[in-house]
Amino acid sequence: MKSRILFFIVSILMTSCITVEICDESYESELVARFKTRHDGAPADTTVSVLTLYGIREGKSDSLLYNTKSASGFVVPLDPHHVYSRFVLQINDQTDTLVIPHHQEMYMISYTCGFGNLFTINDNIQSSSGLIKSDTIIKEMIDAEYEKDEEHIWLYL
Amino acid sequence: MQNMKRMKNISGSISKAALLLLALALFGPVSGQEVSGQDTLRTFGPRFGIDLARFLYILADPSEIGAEVSADFEIYKNIYPVIELGYSTISENEELFDYTSGGSYGRAGVDYNFLSRKDRSVHHTMTLGFRYGISVFTHSIENVVIPGGYWGDYLPEPYENSLTGHWLEIVGGLKTEIVPNLFLGWSLRYKFLLNPDMDPIMIPALIPGYGTGGENRIFGFSYSIFYKIPLFKK
Numbered sequence: 194m195k196s197r198i199l200f201f202i203v204s205i206l207m208t209s210c211i212t213v214e215i216c217d218e219s220y221e222s223e224l225v226a227r228f229k230t231r232h233d234g235a236p237a238d239t240t241v242s243v244l245t246l247y248g249i250r251e252g253k254s255d256s257l258l259y260n261t262k263s264a265s266g267f268v269v270p271l272d273p274h275h276v277y278s279r280f281v282l283q284i285n286d287q288t289d290t291l292v293i294p295h296h297q298e299m300y301m302i303s304y305t306c307g308f309g310n311l312f313t314i315n316d317n318i319q320s321s322s323g324l325i326k327s328d329t330i331i332k333e334m335i336d337a338e339y340e341k342d343e344e345h346i347w348l349y350l
Numbered sequence: 010m011q012n013m014k015r016m017k018n019i020s021g022s023i024s025k026a027a028l029l030l031l032a033l034a035l036f037g038p039v040s041g042q043e044v045s046g047q048d049t050l051r052t053f054g055p056r057f058g059i060d061l062a063r064f065l066y067i068l069a070d071p072s073e074i075g076a077e078v079s080a081d082f083e084i085y086k087n088i089y090p091v092i093e094l095g096y097s098t099i100s101e102n103e104e105l106f107d108y109t110s111g112g113s114y115g116r117a118g119v120d121y122n123f124l125s126r127k128d129r130s131v132h133h134t135m136t137l138g139f140r141y142g143i144s145v146f147t148h149s150i151e152n153v154v155i156p157g158g159y160w161g162d163y164l165p166e167p168y169e170n171s172l173t174g175h176w177l178e179i180v181g182g183l184k185t186e187i188v189p190n191l192f193l194g195w196s197l198r199y200k201f202l203l204n205p206d207m208d209p210i211m212i213p214a215l216i217p218g219y220g221t222g223g224e225n226r227i228f229g230f231s232y233s234i235f236y237k238i239p240l241f242k243k
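So the sequence lines, in the order shown, correspond to chains D and Y.
For the first sequence, our numbering assigns the number 194 to the initial residue and increments by one for each residue that follows.
For the second sequence, our numbering assigns the number 10 to the initial residue and increments by one for each residue that follows.
Treat the hints loosely; a few may be bogus.
What the hints assert, rightly or not - Beyond 12 angstroms from chain Y on every Cβ pair, some chain D residues (computed):
| hint | residue |
| --- | --- |
| 1 | Glu223 |
| 2 | Pro236 |
| 3 | Leu271 |
| 4 | Asp286 |
| 5 | Gln287 |
| 6 | Thr305 |
| 7 | Ile318 |
| 8 | Ser320 |
| 9 | Asp328 |
| 10 | Lys332 |
| 11 | Glu340 |
| 12 | Glu344 |
As the list claims (entries may be wrong) - Restraint-style ranges between C-beta atoms, simulated for each label pair:
| hint | chain 1 | residue 1 | chain 2 | residue 2 | range |
| --- | --- | --- | --- | --- | --- |
| 13 | Y | Phe64 | D | Thr313 | 26 to 34 angstroms |
| 14 | D | Ser242 | Y | Asp162 | 29 to 37 angstroms |
| 15 | Y | Pro209 | D | Asn315 | 55 to 63 angstroms |
| 16 | D | Tyr339 | Y | Glu169 | 24 to 32 angstroms |
| 17 | Y | Pro209 | D | Asn285 | 38 to 46 angstroms |
In case anyone wonders, no lab produced these hints; they're calculated from the structure.
We treat Cβ as the ideally placed atom computed from N, Cα and C, and that holds for glycine.
Turn these sequences into a full structure, and let the hints guide you.
This is the structure in structure tokens:
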């Protein structure tokens, strides 16, 4: 009889422990780019005085991602609908179109949150003018979990 | 730019365990009952069982359906080789995807009875044993939506994968003979998943026979009724 009472009490306690799970994760996989210059062949951080940036979205109007003074880089979401993401950068008075090729696969963030996109950047990043002189891929894989101090590409000005 | 989405999902696994424990408390053979009318000979034969807990689980989580049967035989004093077979399916409609998983499973192992008996005709057992489990199943998702603020929502193609899960279990439990050859019993299981990374895209929400694929170690319960075919006595 004591055992039955113990089972009953445990049942009540466990019933009261039902949890509610809440998703606080981001779904957008964001590329982190840093501006660099070369000093004696070695990369060095640099800051631009004015940065305007927007993505080229087919069938949609342009929408600014950045319009700021003094930027050492930018953080932008990648386009899951194409195998590339295209951005127009305006630094000071110069304009360049940056094309970042990539492929993607979905991955599970969690059952509560659902799925996100895992992008892999290809190494033939292109720019249309001489504003961006070269690039270096630091980390080719980009998921929806943003980590502090994470960097994916360096853009040399 | 951060698209923050808040969703709520009430976990059903705890309520399943609570429901099962409640049933055990009210109806279970927690203490052994003496069976009258038996002679002093011990009967031997295959014992077949069906897991009643599967039906209680449906009350706690109607999206999960399954059944399990078992068979054991005392081949040597207190040694019971065991085979358990079953199937299980789950179908869940989440806010951002629909998920299904289903398949069959089998477990094989041995139980050792360490309940001393004064009378050979008493067949109650208190056992400790182990199992190796294997599950062959398919899981899939469809109607997936990956929210995207700037570029718009992305709708991937449906995904399906056929998988095989392997695990080990430590099993302890009781079986009480309530009338000659008819047993009620429960078991508590601690399971170790051997290949948790079986699918790089999606963790299985249900590995039939094991449980939630996101847990590398997990408890399980079963509450079964058994019938032993008394083939011979000695």
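Tested hints:
1. Glu223: 7 angstroms, violated
2. Pro236: 27 angstroms, holds
3. Leu271: 8 angstroms, violated
4. Asp286: 26 angstroms, holds
5. Gln287: 24 angstroms, holds
6. Thr305: 5 angstroms, violated
7. Ile318: 18 angstroms, holds
8. Ser320: The assertion about D/Ser320 holds, with a minimum of 20 angstroms to chain Y.
9. Asp328: It holds; D/Asp328 is separated from chain Y by about 22 angstroms at its closest Cβ, greater than 12 angstroms.
10. Lys332: The assertion about D/Lys332 holds, with a minimum of 19 angstroms to chain Y.
11. Glu340: 14 angstroms, holds
12. Glu344: Given a closest Cβ separation of 18 angstroms, the condition holds.
13. Y/Phe64 - D/Thr313: 26 to 34 angstroms: At 47 angstroms between Cβs, range violated.
14. D/Ser242 - Y/Asp162: 29 to 37 angstroms: The hint (29 to 37 angstroms, Cβ to Cβ) holds, given that D/Ser242 and Y/Asp162 are roughly 36 angstroms apart.
15. Y/Pro209 - D/Asn315: 55 to 63 angstroms: At roughly 21 angstroms between Cβ atoms, D/Asn315 and Y/Pro209 fall outside 55 to 63 angstroms, so the hint is violated.
16. D/Tyr339 - Y/Glu169: 24 to 32 angstroms: 30 angstroms, holds
17. Y/Pro209 - D/Asn285: 38 to 46 angstroms: 44 angstroms, holds
Of the numbered hints listed earlier, those contradicted by the structure are 1, 3, 6, 13, 15.
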